[in-house]
Structures are given as structure tokens and as C-alpha cells.
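Make a model of the complete structure from these sequences and hints.
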Amino acid sequence: MARSENGAYARALARGVGGALLFSFPLLMTMEMWNLGVTMAPERLLLMMVASLPMLLGLSYFAGFEATFRLTDEILDAFAALAIGLLLATGMLALFGAVRGDATLAENVGKIAICAIPGAMGALLAGKQFGGQVMEAPRPREAAGYPGDLFIMMTGAVFLAFNVAPTEEVVLIAHQMAPFQSLGLAALSIGLLHVIVYELGFPGEDLRRGSGGSARVFAIFTGPGYGIALAMSAYALWSFGRLDGVALSEAAGMILVLAFPAALGCATARLVV
Amino acid sequence: MARGPAKKRQTRPRAAAGRPASAAGPKKARTRPALEWAAALLGAGLTALVLSVIAAQAFLSDPSPPALVVRALGVADTPQGFMVRVRVSNLGERPAAGVTVEGTLAGTGEPETSDVSFDYIAAQSSQEGGLAFTGDPRAGRLTLRAKGYVEP
Numbered sequence: 001m002a003r004s005e006n007g008a009y010a011r012a013l014a015r016g017v018g019g020a021l022l023f024s025f026p027l028l029m030t031m032e033m034w035n036l037g038v039t040m041a042p043e044r045l046l047l048m049m050v051a052s053l054p055m056l057l058g059l060s061y062f063a064g065f066e067a068t069f070r071l072t073d074e075i076l077d078a079f080a081a082l083a084i085g086l087l088l089a090t091g092m093l094a095l096f097g098a099v100r101g102d103a104t105l106a107e108n109v110g111k112i113a114i115c116a117i118p119g120a121m122g123a124l125l126a127g128k129q130f131g132g133q134v135m136e137a138p139r140p141r142e143a144a145g146y147p148g149d150l151f152i153m154m155t156g157a158v159f160l161a162f163n164v165a166p167t168e169e170v171v172l173i174a175h176q177m178a179p180f181q182s183l184g185l186a187a188l189s190i191g192l193l194h195v196i197v198y199e200l201g202f203p204g205e206d207l208r209r210g211s212g213g214s215a216r217v218f219a220i221f222t223g224p225g226y227g228i229a230l231a232m233s234a235y236a237l238w239s240f241g242r243l244d245g246v247a248l249s250e251a252a253g254m255i256l257v258l259a260f261p262a263a264l265g266c267a268t269a270r271l272v273v
Numbered sequence: 001m002a003r004g005p006a007k008k009r010q011t012r013p014r015a016a017a018g019r020p021a022s023a024a025g026p027k028k029a030r031t032r033p034a035l036e037w038a039a040a041l042l043g044a045g046l047t048a049l050v051l052s053v054i055a056a057q058a059f060l061s062d063p064s065p066p067a068l069v070v071r072a073l074g075v076a077d078t079p080q081g082f083m084v085r086v087r088v089s090n091l092g093e094r095p096a097a098g099v100t101v102e103g104t105l106a107g108t109g110e111p112e113t114s115d116v117s118f119d120y121i122a123a124q125s126s127q128e129g130g131l132a133f134t135g136d137p138r139a140g141r142l143t144l145r146a147k148g149y150v151e152p
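Those protein sequence lines, which keep their order, are chains B and U.
Under our numbering, residues 1 to 273 are what the first sequence spells out, in order.
Under our numbering, residues 1 to 152 are what the second sequence spells out, in order.
These are computed hints drawn from the structure, not numbers from a lab.
Cβ atoms here follow ideal geometry from the backbone N, Cα and C, with glycine treated the same way.
Heads up, a few of these hints could be off.
Unchecked claim - Beta-carbon label-pair distances, calculated as ranges:
| id | chain 1 | residue 1 | chain 2 | residue 2 | range |
| --- | --- | --- | --- | --- | --- |
| 1 | U | Thr100 | B | Phe25 | 31 to 37 Å |
| 2 | U | Ala72 | B | Met31 | 24 to 30 Å |
| 3 | B | Leu105 | U | Arg141 | 38 to 44 Å |
Claimed, not checked - Incomplete in silico selection of chain U near chain B, CB under 7 Å:
| id | residue |
| --- | --- |
| 4 | Leu35 |
| 5 | Ala39 |
| 6 | Ala40 |
| 7 | Gly43 |
| 8 | Ser52 |
| 9 | Ala55 |
| 10 | Glu128 |
Here's what the structure looks like:
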């Protein structure tokens, strides 16, 4: 009995490693990510790590199957996911030669920490995604309610924003866009967000659509969703020091560019979680 | 990921009784495999370690600016002159990007200058590179220095 439970858990961990790999390898193989692990202001990296704990906890709850919130389970899951994320980042970065024996501890830890968070998110989602067994109606989702929906949108936005924010291209794209192009991108972001949320939907969406239609979905999901995308983009850029010493108009341009992937993350998070 | 066993615990009684797990044997639902605890404890331990290293960085050290020291490691003959291998060490507590290292060779005829730039040298770390000269640096007087850096 105990052995089979351990075996089942080991398999869940293995799925988690797979998910972590899938979610974090684009970052593990991005040079800017390694550099950020070193150059990022340590206070901001610390804040990012600490803020990821409640986010993982929430994700563990919403990605989970259990209708009831059992704090112990969620905490255990979140930490196990972090174990996977950290060990995977350590192993892969060592393999890639980005984490080295002759570098300082702080340097290696910084690189590992910054790559471990997306890995932990992937590990949590994989436990759910590849779970494979037929469950009852997704109760946690219904129970989650509107704040839960917004939370899940936020995790999607955070994930994609942090994936794209480290790259130089965000700055470059912001530079090479004329104001009307920026506005076009914003319109496209909002439009896509709305179409995905409205058409592909949220659980229990039948009700909402019936009760309000497109305009209502726009007001309660699309608008706030784009707001979340903008906020998370700003946070990601600030974390990585991209907004330091930058004029407000430049900063706004970058946030707007990053809000495009973030809005897509917002819109599609529900499909994954 | 822990969802796997969590779900197993829940579905088994559910399938048997056709009722929510909470209604079926609460004892069974409480069983957690030892591995679940082990994984979580490992995660908590590693997280604490990472957080404390970063926190120490953030609050304890008052980072000193990059202090760049250049040393020659040796000279190699190449088909087109000579290559001096250099190591740049950053003794400071802040990283330096775009570090330009310049070597000047005097005493072998025309004084000659070579430079090389290093993308990135982390705090208290070093990088190696090479400076090419047409004259033999062993015969002349070679001076090496780091000319500047960019705050990354």
C-alpha cells in the first residue's frame, strides 16, 4: 500500500520533471536569462522568488483536482514543484556550462533561481495535465469564482511576460515601432484576448455568455485581463532592470510590446490550468 | 505533480462508493506517501538555501564596484606573430560588462597596441582571452590594463 502510493507519487514527480522541462527549457537555453541571474538587482530577484511562493500555492490549488482546499497538500505540492524546478535548472545549466564550479555561489544561485520558477510552474501544471484519469466536473474551477479566474489570467500573463522580457528584442521592437503601430499592437492584443476568452472560453462560461454576451465578457474579462497583462509586463520589465533610467514614453512602449505576449498568456492560461 | 497521488487517494474511494472522498474514509484520504514529504522537504530546503543566498547578496553586502585586474598567462607563437593569453579578474562585488583590455608592447621596435573586449565578467570571477602582437612580447615590455566597463 505504502509502496504503491510512493510509486504513484514517483510517477507524478516524473511527470512533473517533464512538465518543468517543457516550460523552462526556452529560458534555460537563453543567454539573457543566465546574465540576468547575475546582473539583476538582488532585492528584485529576492522579491520575485518570494512572490512566486504564493503564486505556486495558488496554482497548485487551481491546477489541482480536489474540490476542497487543503493547505497542507497545496504547500507540499508547491515545494515539491520548487524542488523539481531548482534541481532541473541546476542540472541543465550545469550541463550547458552556464553553472560552473569556478563561478561564485551567488552567481550560480542567481542563474538557477531565475530559471527555477517557470520550471516549478510547469511541474505543477504537468501533474494536472498528464494526470490522465477521468475526473468529475472541474469543481475547483467553478469554486474558484471570479477572483480565481483573474488569478489564473495573472499566472498566464506572468509566465509569458517573464519568458519574453529578458530578450533584447522587447526594447528593439519598442524602438522601431511608430506610435500608430504601437496603438495597433495594443488593439490587436485586446482583440485577441477578447476573442480567445469569449470564443474558447472559461469554464462555466455558458452561463456567463448567456447572461451577458460579448460586451459583458469584455467588461469583466477582457478589460481587466489587459490591465493584468500591462501590470505584469511592467513588473517583469522592472524586475529585469529594463525600466531603469528610461523615459516614461519609452517605458510605456516597452510595456505595450510585452503586454502582447502577456495578453496571450492571460487568454490561454485557462486552457492549460 | 503531487496531484497524481492526491487524485489516486480521492478516486479510489470515490469509485468504490460513488461519493465524494470526504464522505468516504477520511483516514485513507489522509495518507500521504513518504515520498511526498521527502520531495516537499527537499523543495523547502533548497528554496530556503536559494533565498538566503540571494538575501545575503541583497542586504549584507554593500557591493563594491568592479575592480578589474589583468594578468598575462603566457605567450604562444602563432603563424602570424604572437598571442598573449590574458586573464581578467573582477575583484569587485559588482559585475562588469563590455570590459576592454588593452595591451601595449614596447621595446621591440614600433610600440604596438592590441585590445580585446570581454562581454561579461561576473563579480569575483575571471575570464580569459588573448591579445595578438607582431613582435615577441617576451623580448619587449608588455603592459596590460582594463580600460573600462559598462554597468550591465
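For each hint, the structure was consulted:
1. U:Thr100 / B:Phe25: 31 to 37 Å: 34 Å, holds
2. U:Ala72 / B:Met31: 24 to 30 Å: 29 Å, holds
3. B:Leu105 / U:Arg141: 38 to 44 Å: Given a distance of about 39 Å, which is inside 38 to 44 Å, the answer is holds.
4. Leu35: Leu35 of chain U check passes; min Cβ-Cβ to chain B is 4 Å, inside 7 Å.
5. Ala39: 4 Å, holds
6. Ala40: 4 Å, holds
7. Gly43: 3 Å, holds
8. Ser52: With Cβ-Cβ at 9 Å, over 7 Å, it is violated.
9. Ala55: This hint holds: Ala55 of chain U lies near chain B, its Cβ roughly 6 Å from the closest one there, short of 7 Å.
10. Glu128: Not OK, violated: Glu128 of chain U not within 7 Å of chain B, min 11 Å.
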